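Enquirer: Going down the list, the protein sequences come from chains C and F.
Start counting the first sequence at 1; every next residue gets the next number (the working numbering).
Start counting the second sequence at 1; every next residue gets the next number (the working numbering).
Think of the hints as simulated: they come from the structure by calculation, not from any bench.
Given the structure is predicted, the values throughout are model-derived calculations rather than measurements.
Glycine is no exception: its CB is placed at the ideal position from the N, C-alpha and C atoms.
Any given hint could turn out to be false.
[As the list claims (entries may be wrong)] Straight line, CA to CA, 20 Å or less: simulated DMTMM-like cross-link-like pairs of lysine to aspartate or glutamate:
hint : chain 1 : residue 1 : chain 2 : residue 2
1    : C       : Lys143    : C       : Asp88
2    : C       : Lys187    : F       : Asp15
3    : F       : Lys322    : C       : Glu31
4    : C       : Lys187    : C       : Glu123
5    : C       : Lys187    : C       : Glu31
6    : C       : Lys171    : C       : Glu129
7    : C       : Lys50     : C       : Glu31
8    : F       : Lys30     : C       : Glu31
9    : F       : Lys23     : C       : Asp112
10   : C       : Lys157    : F       : Asp15
11   : F       : Lys38     : C       : Glu136
12   : C       : Lys75     : F       : Asp15
13   : C       : Lys187    : C       : Asp88
14   : C       : Lys80     : F       : Asp15
15   : C       : Lys181    : C       : Glu31
16   : F       : Lys23     : C       : Glu76
[What the hints assert, rightly or not] Some but not every residue of chain F turned toward chain C, in silico, with C-beta under 8 Å:
hint : residue
17   : Arg12
18   : Tyr14
19   : Pro17
20   : Thr19
21   : Ala121
22   : Tyr125
23   : Cys130
24   : Ser131
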Amino acid sequence: MNPNVALVSINNLTVRYGAFTALDDFSCQIEEGCTGLLGPNGAGKTTLLKTLLGFITPTSGGGNVLGLDLYNGNKEIRQKIGLMPEQDCHIPGLTAVGFVAYAGELAGMPADQALRRAHEVLEYCGLGEARYRNVETYSTGMKQRIKLAQAMIHGPKLLLLDEPTNGLDPKGREEMLDLIKDISHNKGVNVLISSHLLPDIERVCDRVVVVLRGKLVSQGTIRDLKRIEGQPLDVDLRESNESFLTSLRAKGAQAAPTTYTTVRVQVAGTREHAMNTILQSAKESGAQVRGVKLAERSLEEAFLTAVQA
Amino acid sequence: MSNSPIADLSYRHYDGPLTGVSKRWWSIAKMTMQVATKRRGFWGWSLFSAWWFFILLAIFWFADNVLGNITGQASGANLFLKQIVWKDQFLHGYSFSQLILMIITLMIGVGSIANDNRANALLVYLSKPCSRFDYVFGKWLGIFILISLVSFVPMMIFWLYGFMSFQQYGFWSSAPWLPIKLAAMSMCSGALHASVGLAISSMFNQGRLAGATYAGIYFISNIFTKVVGGFYVFSVRRTGQTGSVLKQFFYASIDGIQIGLSKVFLGTEGSLILPFMAPPPRNGRQLTTAEIIVGSPSAAWILPVFLVVVVGGFAIAYSRIKAVEVVG
Numbered sequence: 001m002n003p004n005v006a007l008v009s010i011n012n013l014t015v016r017y018g019a020f021t022a023l024d025d026f027s028c029q030i031e032e033g034c035t036g037l038l039g040p041n042g043a044g045k046t047t048l049l050k051t052l053l054g055f056i057t058p059t060s061g062g063g064n065v066l067g068l069d070l071y072n073g074n075k076e077i078r079q080k081i082g083l084m085p086e087q088d089c090h091i092p093g094l095t096a097v098g099f100v101a102y103a104g105e106l107a108g109m110p111a112d113q114a115l116r117r118a119h120e121v122l123e124y125c126g127l128g129e130a131r132y133r134n135v136e137t138y139s140t141g142m143k144q145r146i147k148l149a150q151a152m153i154h155g156p157k158l159l160l161l162d163e164p165t166n167g168l169d170p171k172g173r174e175e176m177l178d179l180i181k182d183i184s185h186n187k188g189v190n191v192l193i194s195s196h197l198l199p200d201i202e203r204v205c206d207r208v209v210v211v212l213r214g215k216l217v218s219q220g221t222i223r224d225l226k227r228i229e230g231q232p233l234d235v236d237l238r239e240s241n242e243s244f245l246t247s248l249r250a251k252g253a254q255a256a257p258t259t260y261t262t263v264r265v266q267v268a269g270t271r272e273h274a275m276n277t278i279l280q281s282a283k284e285s286g287a288q289v290r291g292v293k294l295a296e297r298s299l300e301e302a303f304l305t306a307v308q309a
Numbered sequence: 001m002s003n004s005p006i007a008d009l010s011y012r013h014y015d016g017p018l019t020g021v022s023k024r025w026w027s028i029a030k031m032t033m034q035v036a037t038k039r040r041g042f043w044g045w046s047l048f049s050a051w052w053f054f055i056l057l058a059i060f061w062f063a064d065n066v067l068g069n070i071t072g073q074a075s076g077a078n079l080f081l082k083q084i085v086w087k088d089q090f091l092h093g094y095s096f097s098q099l100i101l102m103i104i105t106l107m108i109g110v111g112s113i114a115n116d117n118r119a120n121a122l123l124v125y126l127s128k129p130c131s132r133f134d135y136v137f138g139k140w141l142g143i144f145i146l147i148s149l150v151s152f153v154p155m156m157i158f159w160l161y162g163f164m165s166f167q168q169y170g171f172w173s174s175a176p177w178l179p180i181k182l183a184a185m186s187m188c189s190g191a192l193h194a195s196v197g198l199a200i201s202s203m204f205n206q207g208r209l210a211g212a213t214y215a216g217i218y219f220i221s222n223i224f225t226k227v228v229g230g231f232y233v234f235s236v237r238r239t240g241q242t243g244s245v246l247k248q249f250f251y252a253s254i255d256g257i258q259i260g261l262s263k264v265f266l267g268t269e270g271s272l273i274l275p276f277m278a279p280p281p282r283n284g285r286q287l288t289t290a291e292i293i294v295g296s297p298s299a300a301w302i303l304p305v306f307l308v309v310v311v312g313g314f315a316i317a318y319s320r321i322k323a324v325e326v327v328g
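Build the full structure now, drawing on both the sequences and the hints.
Expert: Written as structure tokens, this is what we have:
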């Protein structure tokens with residue numbers, strides 16, 4: 001996959017519900033890979049998904065999804081996209097294989113291919129043995145999986161997953177996240193996940209788009225978002241050592257303990273110079289260094305910083 | 001459920017054909033019919049809807065073969081068969097099947113959108129390249145085709161029997177366009193039940209509630225029109241006037257619209273179910289047909305009523321489907 005190719009390109013999009021502006025001059029690019037759509041309740045995530053699916057006509061601005069214009073390609077866009085909705089959904093009276101095959105037919109697959117593919121997708125999603133059961137008898141975890149199966153039956157280029165781990169127990173959540181990661185990283189399907197759960201996003205996504213009050217707050221790779229300005233290093237010591245801090249400060253470095261045994265160090269200059277300073281201070285102070293890594297924030301901290309800014 | 005086959009490598013990307021995004025309604029219509037025809041009840045009630053035609057077949061076969069042999073009447077001279085108004089037999093059979101058609105609609109159609117609402121099935125439909133029109137029209141078409149066929153097939157079987165057996169009694173010559181008229185009648189039933197059923201269905205989240213409402217409207221409107229019919233016949237017997245507005249209101253029910261339209265299509269005022277079923281004379285006078293049954297409604301009244309109900313029902317169902325509720 002080429003992470004620099006834009007699957008979705010939104011330019012100055014404004015969507016209003018009466019007097020309320022849900023998306024305000026919103027612009028963003030969603031590139032290939034797995035992207036998380038983050039934002040508090042009412043931020044505009046849902047409105048953005050609805051707009052991508054062509055259910056809402058924007059007040060102004062525009063964009064394209066998989067090369068199709070937002071205004072003219074509603075049905076064509078939906079044929080290339082798979083949506084896994086947040087709520088439980090199924091078609092009453094059908095078995096799992098009947099339901100997924102029917103979803104394929106609705107997407108435009110010939111009936112025989114839809115049926116064959118339904119078996120494959122259900123097997124992949126872990127419902128192989130339950131494929132002939134009526135969907136209404138499924139557990140919550142199974143219903144989540146079948147929603148994913150119906151979304152990917154027709155081989156969409158882009159999967160929109162709305163809160164995919166909603167209502168799942170820890171084991172089910174782990175399995176669902178593994179499945180999403182496998183789809184997005186090993187099967188070449190691009191995924192856009194809308195979720196409030198930062199650990200889920202951090203685990204499976206490469207990139208995030210942060211939305212707040214209808215505006216784009218931040219977008220980029222998770223690694224970039226978590227990166228701290230000045231690129232400080234976290235030095236892991238065997239035990240706390242005050243003279244190590246004193247030695248570092250004497251050499252012009254900024255040093256502060258973040259935990260009992262970890263010191264965050266920022267030294268002006270190159271990374272090599274910083275390492276030399278750290279090792280020299282360790283030698284002088286007798287501190288035992290166990291590891292050095294680039295310091296980064298948690299995604300939660302990064303998200304809160306972006307939102308508060 | 002098996003353990004999660006997270007590492008299952010059997011998944012392949014689908015790169016087979018995808019048809020264009022138009023005509024999704026046909027997939028929905030096919031599935032509506034498929035789900036309906038999997039129910040044993042559907043076949044049972046469909047067979048039962050032809051009950052009057054089975055009775056007619058037996059009566060006419062008996063009159064033609066057994067009575068004819070006993071009385072020694074030559075072919076074409078059977079007095080009983082000579083009195084038969086053939087097109088009216090279709091009207092009677094059609095009228096008697098109305099209740100069963102309503103029951104079949106309850107079974108296959110009235111829960112259609114309501115159950116989808118309960119299961120959030122619209123999320124599946126509308127996230128695929130289906131429009132609201134595809135969804136509602138597909139459902140409508142599925143119900144329309146099934147109800148039309150359930151109504152049409154028994155009539156055509158009876159017509160074939162009559163065509164092969166009673167040419168000498170004017171079966172063909174008295175109504176040469178009958179098959180087309182029967183098809184039109186059947187399609188009216190299909191359209192009416194599909195529209196009203198879907199309109200009611202779209203207002204509920206429970207198929208049973210929608211069904212109860214549909215049955216309630218059916219029976220209440222029927223009782224109302226039967227009372228109106230009683231007043232009308234009484235008025236005709238007293239005044240001899242048949243042009244009363246009451247006559248039009250006799251057809252203001254789900255059954256009534258269909259029966260009224262069929263009378264217009266067949267060009268008949270209706271007749272006694274069988275010739276020997278005439279009521280006894282009153283005050284020494286034999287009652288005329290107009291004093292016993294309500295005649296045909298005005299086409300200018302019944303056709304617009306039919307169109308308003310069919311188009312209105314479809315429009316209500318369509319307006320209740322909200323695509324923006326698909327996400328969130």
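Enquirer: Checking each numbered hint in turn, tell me which of them this model violates, lowest number first.
Expert: 3, 8, 13
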